[in-house]
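Peer 1: Sequence lines, in order, name chains A and H.
For the first sequence, position 265 matches number 257 in the working numbering, and the numbering has no gaps at all.
For the second sequence, position 57 matches number 49 in the working numbering, and the numbering has no gaps at all.
Derived by calculation from the structure, the hints in this document are not laboratory data.
Treat each hint with caution, since some may be false.
Since the list can't tell identical chains apart, any single copy or any two copies may satisfy a pair.
[Said to hold, decoys possible] Here are the simulated DSS-like pairs of lysine-lysine, each with C-alpha atoms no more than 27 Å apart in a straight line: (1) Lys261 to Lys69; (2) Lys92 to Lys120; (3) Lys289 to Lys261; (4) Lys306 to Lys78.
Protein chains: 2
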Amino acid sequence: MASMIFTDCSSSSTTATRFLPLSRHRVRDGLLHSRCSTPLRFAPTSPGLLRTIAATSRTYASPSVLTVAMAADTSAKIIDGKSVAKKIRDEITAEISRMKDAIGVVPGLAVILVGDRKDSATYVRNKKKACESVGINSYEVRLPEDSSDQEVLEYISGFNDDPAVHGILVQLPLPSHMNEQNILNAVCIEKDVDGFHPLNIGRLAMRGRDPLFVPCTPKGCIELLHRYGVNIKGKKAVVIGRSNIVGMPAALLLQREDATISIVHSRTKNPEEITRQADIIISAVGKPNMVRGNWIKPGAVVIDVGINPVEDAKSARGYRLVGDVCYEEACKIASAITPVPGGVGPMTIAMLLSNTLSSAKRLHNFK
Amino acid sequence: MASMIFTDCSSSSTTATRFLPLSRHRVRDGLLHSRCSTPLRFAPTSPGLLRTIAATSRTYASPSVLTVAMAADTSAKIIDGKSVAKKIRDEITAEISRMKDAIGVVPGLAVILVGDRKDSATYVRNKKKACESVGINSYEVRLPEDSSDQEVLEYISGFNDDPAVHGILVQLPLPSHMNEQNILNAVCIEKDVDGFHPLNIGRLAMRGRDPLFVPCTPKGCIELLHRYGVNIKGKKAVVIGRSNIVGMPAALLLQREDATISIVHSRTKNPEEITRQADIIISAVGKPNMVRGNWIKPGAVVIDVGINPVEDAKSARGYRLVGDVCYEEACKIASAITPVPGGVGPMTIAMLLSNTLSSAKRLHNFK
Chain A
-7 MASMIFTDCS
3 SSSTTATRFL
13 PLSRHRVRDG
23 LLHSRCSTPL
33 RFAPTSPGLL
43 RTIAATSRTY
53 ASPSVLTVAM
63 AADTSAKIID
73 GKSVAKKIRD
83 EITAEISRMK
93 DAIGVVPGLA
103 VILVGDRKDS
113 ATYVRNKKKA
123 CESVGINSYE
133 VRLPEDSSDQ
143 EVLEYISGFN
153 DDPAVHGILV
163 QLPLPSHMNE
173 QNILNAVCIE
183 KDVDGFHPLN
193 IGRLAMRGRD
203 PLFVPCTPKG
213 CIELLHRYGV
223 NIKGKKAVVI
233 GRSNIVGMPA
243 ALLLQREDAT
253 ISIVHSRTKN
263 PEEITRQADI
273 IISAVGKPNM
283 VRGNWIKPGA
293 VVIDVGINPV
303 EDAKSARGYR
313 LVGDVCYEEA
323 CKIASAITPV
333 PGGVGPMTIA
343 MLLSNTLSSA
353 KRLHNFK
Chain H
-7 MASMIFTDCS
3 SSSTTATRFL
13 PLSRHRVRDG
23 LLHSRCSTPL
33 RFAPTSPGLL
43 RTIAATSRTY
53 ASPSVLTVAM
63 AADTSAKIID
73 GKSVAKKIRD
83 EITAEISRMK
93 DAIGVVPGLA
103 VILVGDRKDS
113 ATYVRNKKKA
123 CESVGINSYE
133 VRLPEDSSDQ
143 EVLEYISGFN
153 DDPAVHGILV
163 QLPLPSHMNE
173 QNILNAVCIE
183 KDVDGFHPLN
193 IGRLAMRGRD
203 PLFVPCTPKG
213 CIELLHRYGV
223 NIKGKKAVVI
233 GRSNIVGMPA
243 ALLLQREDAT
253 ISIVHSRTKN
263 PEEITRQADI
273 IISAVGKPNM
283 VRGNWIKPGA
293 VVIDVGINPV
303 EDAKSARGYR
313 LVGDVCYEEA
323 CKIASAITPV
333 PGGVGPMTIA
343 MLLSNTLSSA
353 KRLHNFK
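Given only the sequences and the hints, what does the whole structure look like? Please build it.
Peer 2: As structure tokens, this is what we get:
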């Protein structure tokens, strides 16, 4: 399996992947050709889907139109991350207002950006906008590409000591001359809103302990399951991918909720034999359309974390985004599924805001 | 599933379980009655086993005799933890001698025992003897039952600062008036030879990070697999039990070695469906004979961490020890299996000695 591909899992995204060679995934000859091992042929029993594909073939509808059209013709409930994230941001806004009125404190998030990567600049800008939208103060430091580790460490130290700052993000990737691990370790544990510190991960793994922060993307996955009333306790859950930022913490979170977990990864033989047993699948590997319909048990709930660019000559950008899961097949088999985009993606930043608020509440002992 | 039952998983054992009400498990009417759901009836195709049972019935052979007798008539290779542990202790002895000759340093292990529990005193005495046998200096502090947290913390602080001490154990359980978590957290991470600190567990869970210490019992399980040439990479491994001290870290260790892991626990429905798929089973739940023969895939490797006392009127102690796995059935199906006792048990203390040596080597930068 390839390394994780996301647009931005909070600060530690593998952002370069947007610029990886694109996968082929286009409509031709009335068939949907994808990176799936065979072209998808739809039986006449799926007239709705055929209509959708035909429409796509003619008009090259945007992914969101495609999603809606399919939802109308399939049994899978669409887990709408966009609207859940909006609701959570509204809740955060209200809570911040309550805290400000009660104790005069406004949460603050500091973001440190080193270098000139356009994608990183975009992510930082999006975070800043998201902070503004809910009433979190954002503090941004931009340093030139050739900055020293020491300069970054000094800013981190300043934010660690600043009572107006409750969360600190170092936007990744850092320039290659920097010692990323040393720099990340310098963020004090009480402000590590990404939740990637080994101490947080250890607490997440241990029964009877609680992490200060849960990493944003896996937290978003579980939040979606909760908000859609998906029962986790006692269910079989399979996580595809074992990255530090999504797969591994997602598995630990599911286990904390009493799921029976299995973790599938690049060394797993016949992964589909394992996924087919799952009541809940969380996929986070960064392989477009890897999870086929026949990998999924009828009625399973599918959370697709992958956001993979595939070539699309008809898109103004030259590509479009698809998940790890072959949506067209999965939505006919799963009972509920997240679309890509509009599923897990919007949840990540909502969880970052949530972690920042939690941090401020904890540091000011506000209930 | 019941809570974990072991004699002593380094310092953090649930030692009280030795004194739990004993399970019934005795030979009567030519049948082996156990806590398994049905009495075990042996088909005539297992004459060797029948002979063994008959012998047991007549003479009440000791568990070790029973084990050897069975091994001769079954296909499962006996994973002999006792002899592996002996070999490891010999290796440690040689390494300590090499270090002493080269830099004049002898590893030191400090053990703090609070209160008068006889079982705890026995474990501490065994650790002391094991240290002596390999050339590790042991430092023991015995405090009365009514000691304050502060007194214990002062000893820990002293050992933290003492360059002759490379590992610190606080024997558990502590008296109920003490704050166990606070006390354990006071042991500095560089001397936490139990490896239970959340920072160590976090590093164990994360790819690209390495823990300073791996918890002794799960480390012993993996060491047995290595020493018996069991291939882990790409294999399906099921861990039964998710405790902080065995199940969870065992699963993390197996995943680090590229196994595809599933974790079965008290909330798992039909656990046998999952275990039957495993190439490797590690059971650590503390339920005598829970894992029956039909839970095991033919040819699987079985590591039985459970050490459960079951009533045995013919034993001088009134009980004998059995594992989580119904050995009589499992040894006919597995390709290799650890006996109880004499399997994982002896490995725990060997790994404690190994961790203490590693700590001394690291603190003195000795390769």
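Peer 1: A separate judgement is required for each hint: does it hold in the structure or not?
Peer 2: For each hint, the structure was consulted:
{"no.": "1", "hint": "Lys261 to Lys69", "verdict": "between (30 Å within a copy, 26 Å between copies)"}
{"no.": "2", "hint": "Lys92 to Lys120", "verdict": "within (19 Å within a copy, 58 Å between copies)"}
{"no.": "3", "hint": "Lys289 to Lys261", "verdict": "both (18 Å within a copy, 17 Å between copies)"}
{"no.": "4", "hint": "Lys306 to Lys78", "verdict": "neither (30 Å within a copy, 69 Å between copies)"}
Consistency note: the structure conflicts with earlier hint 4 alone.
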